[in-house]
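Given next are the chains, with one letter for each unit.
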Amino acid sequence: MSSFLTSRNVADVLNGITNGVIYSLVALSLVLVWRSTRILNFAQGAMAMIATYVGFAVLAPTTNYWVSMVVAILAGLLLGGLTERVIVRGLYGKPEINPVVAMVGFLLVLESVAAAIWSTSSRGLPTPFSMVDWQLNHKPVAMSPFALYEIVTAVIVMTVIALLFQYTKLGLRLRAAALAPEVSRLLGVRVGRMLTLGWMLSSAVGAITAVLVASNYFTGLTPTAMDGVFAFGFIAAAIGGLDSPVGALLSGISLGIILQFVGDYLNSNAIILVALGMLVVSLMVRPNGVFTRSAQRRV
Amino acid sequence: MRGVRWNQRIVAAVALAAAAVLASWIGVGTARAATGLSVAAVVAILGATLISSREFRANHPVVARAAISVVAVDVSLTVTGFFSATVNSNLAIGAAMSIVLLGLSFLTGSSGQISIGNGAFMGVGAFTVAIWANHHATTPIAVVLIMSVLAGGVVGLLLGLPATRLRGPYLAGMTLAFAVAFGAILNLFGSWTGGDSGLQLPHAVNAPTWVVNFFTPQTSSLTTNSVWLVDVAIVTAGIALFFMANLFASRTGRAMRLVRDNDVAAELVGISLPRARVMAFIVSAAYAALGGGLWTMINNAVTPSTYGFALSITILSLVVIGGIGTIPGAIIGGLIYAFSANVIAWFTAHTGLNPQGNVASQLNGIIFGGLLVLTILFAPTGIAGFVRRRWLAWRSR
Numbered sequence: 001m002s003s004f005l006t007s008r009n010v011a012d013v014l015n016g017i018t019n020g021v022i023y024s025l026v027a028l029s030l031v032l033v034w035r036s037t038r039i040l041n042f043a044q045g046a047m048a049m050i051a052t053y054v055g056f057a058v059l060a061p062t063t064n065y066w067v068s069m070v071v072a073i074l075a076g077l078l079l080g081g082l083t084e085r086v087i088v089r090g091l092y093g094k095p096e097i098n099p100v101v102a103m104v105g106f107l108l109v110l111e112s113v114a115a116a117i118w119s120t121s122s123r124g125l126p127t128p129f130s131m132v133d134w135q136l137n138h139k140p141v142a143m144s145p146f147a148l149y150e151i152v153t154a155v156i157v158m159t160v161i162a163l164l165f166q167y168t169k170l171g172l173r174l175r176a177a178a179l180a181p182e183v184s185r186l187l188g189v190r191v192g193r194m195l196t197l198g199w200m201l202s203s204a205v206g207a208i209t210a211v212l213v214a215s216n217y218f219t220g221l222t223p224t225a226m227d228g229v230f231a232f233g234f235i236a237a238a239i240g241g242l243d244s245p246v247g248a249l250l251s252g253i254s255l256g257i258i259l260q261f262v263g264d265y266l267n268s269n270a271i272i273l274v275a276l277g278m279l280v281v282s283l284m285v286r287p288n289g290v291f292t293r294s295a296q297r298r299v
Numbered sequence: 001m002r003g004v005r006w007n008q009r010i011v012a013a014v015a016l017a018a019a020a021v022l023a024s025w026i027g028v029g030t031a032r033a034a035t036g037l038s039v040a041a042v043v044a045i046l047g048a049t050l051i052s053s054r055e056f057r058a059n060h061p062v063v064a065r066a067a068i069s070v071v072a073v074d075v076s077l078t079v080t081g082f083f084s085a086t087v088n089s090n091l092a093i094g095a096a097m098s099i100v101l102l103g104l105s106f107l108t109g110s111s112g113q114i115s116i117g118n119g120a121f122m123g124v125g126a127f128t129v130a131i132w133a134n135h136h137a138t139t140p141i142a143v144v145l146i147m148s149v150l151a152g153g154v155v156g157l158l159l160g161l162p163a164t165r166l167r168g169p170y171l172a173g174m175t176l177a178f179a180v181a182f183g184a185i186l187n188l189f190g191s192w193t194g195g196d197s198g199l200q201l202p203h204a205v206n207a208p209t210w211v212v213n214f215f216t217p218q219t220s221s222l223t224t225n226s227v228w229l230v231d232v233a234i235v236t237a238g239i240a241l242f243f244m245a246n247l248f249a250s251r252t253g254r255a256m257r258l259v260r261d262n263d264v265a266a267e268l269v270g271i272s273l274p275r276a277r278v279m280a281f282i283v284s285a286a287y288a289a290l291g292g293g294l295w296t297m298i299n300n301a302v303t304p305s306t307y308g309f310a311l312s313i314t315i316l317s318l319v320v321i322g323g324i325g326t327i328p329g330a331i332i333g334g335l336i337y338a339f340s341a342n343v344i345a346w347f348t349a350h351t352g353l354n355p356q357g358n359v360a361s362q363l364n365g366i367i368f369g370g371l372l373v374l375t376i377l378f379a380p381t382g383i384a385g386f387v388r389r390r391w392l393a394w395r396s397r
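Those sequence lines, one after another, are chains A and B. Using the working numbering, you'd call the opening residue of the first sequence number 1 and step up by one each time. Using the working numbering, you'd call the opening residue of the second sequence number 1 and step up by one each time.
Calculated directly from the structure, the hints in this document are not laboratory data. Possibly wrong hints are sitting among the right ones.
Cβ-Cβ distance ranges computed for the label pairs, FRET-style [stated by the list, open to error]:
(1) Asn267(A) - Ala48(B): 52 to 60 angstroms
(2) Gly357(B) - Lys139(A): 48 to 56 angstroms
(3) Val10(A) - Pro355(B): 51 to 59 angstroms
(4) Gly352(B) - Asn64(A): 33 to 41 angstroms
(5) Arg251(B) - Met284(A): 21 to 29 angstroms
(6) Ser191(B) - Asn64(A): 47 to 55 angstroms
With the Cβ distance kept under 8 angstroms, some of the chain B side facing chain A (calculated, not the full set) [unchecked claim]:
(7) Thr108
(8) Ile114
(9) Ile116
(10) Pro169
(11) Gly173
(12) Leu176
(13) Leu316
(14) Val359
(15) Ile376
Ideal Cβ placement from N, Cα and C applies to all residues, glycine included.
Make the full structure from the sequences, and use the hints.
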């Protein structure tokens, strides 16, 4: 039993899950925005990165991880709301490439501003838990207290989001505003406010993700730290279907596991190539995502 | 020019040409240089005469477009003779960038798709040229460039296949993933691409001897490498521009604009959506690869870090700021790219920012990103569209 737990394949699965929950969180934050406003937020990673910088750079003297985490989440909420009000508001009803272009521009601005203020050099973050793997009969199990903390955090975030959407009045309004804006407006839902709230939630999820990423990865926190993670998160979201939070969750974790095996057995450079290949194939076979019931686009 | 008759036009053209020839013989020292300048002036004036006729433009659109390209290339080539080597190398980079922008402009402006991965497609062309040059020493430039176009087209086809069934944001995300993945892909084939350090060209790209002999070393143009390369870039850009102008106006181009504006209507009139979308994607990838191939020749080397994600974003912002879906917009974007570094350096020098500081080094991204957001919010047609609207409003007063 113990040799099974420390074997190569189990290690791959465990590491894959740890990476996968991160992809799931990024995918979830994309899905939240996509469902409410039909915009793919290319600046998602950069917004989360800014929130993390705010949390950890502004409060550097205190260096209390949990205080910083809370500040980062608040910064994420604020940034998400501001972005929706200032930039995205003007883009509803425009050709669908306009929001793409605007968000890419915003991404560039955010990364440059972060580099201008905090420089491009990497910044290590404090970690609340040990990143050294647990041992079993003097062999490492591919799971550290920090990895477990990541997984637990991700589960908590997803549960909170799911409960919010399924079982609260606010969640009902959020869903209604996204699904049938005209009708919900007639029924007294403040649709504009709900869309802002959707962006705020998504951005807060992003902030939590970025904090986990920046303290987990060896690269630390840099202005471009989220680029790669965002790419994988997008691939997970697109495979799962941008409309489906459950799809985002499942495909994020599966992607993490599959890619861990690829990196272990093939070549670490092949990881993103395989991910790209999976994206291409899955989009050709199921353009609306594996986990969405296929729906006709309205003309 | 509407009321001008042909005979008046021809008289004016001949008079102008004679004046130009006279001026170049008086003004320029050597006989060869004067001959070159005279030829350039006569070609420009004859071409301009043809183009100035609305009737001619309407009856012979292809010839008119060819004339426009020839005049543009002719004038650009002539002025490169008077610029410094630095300005010329900036121009060469900008001309190659214009080609890339033309491709993306076509993809976005004609078929309504968008690519955030054209920097990586440039990289495909750039590495094609470098790899070929490292294995086969002497191949004519034109052949190598055509190979980079083909390589770009093939990669574009592979990535464009899902475009048959995808709409905007999904496709944009996929190209973004490609742009982010490009570095790792290059590393994967490290024995060919040279890994992180990239490749050097074994020989600098020189002017062929017959060109040098024809133009003798006294003329300022075509003698040094930098001038030769800027001229190659400009001629290539001219050819690319000519093809793109025809493509925009052709049946295919019109079909694609319909796909962009209303894909259901396009399908109803018998346009194959998948084919139109993949075609546009291939064309844009091939154009990007051509620009990348030129960059390798100009820089005499290729490094993977050049073709990162940042370049793709820059390309997108240049297209949007210049004017999406227009040919002048692509040229404006190329010029902006060529001289933006100089303008920003001038700006930092005059505002007292520390040129080595964080802010100064990030100014480029802040300005381009900010302009991109502002353009798409307040003037989605870019500089070219804005100027055109002003011009039409002014003319119809």
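Hints that the structure is at odds with (numbers, increasing): none
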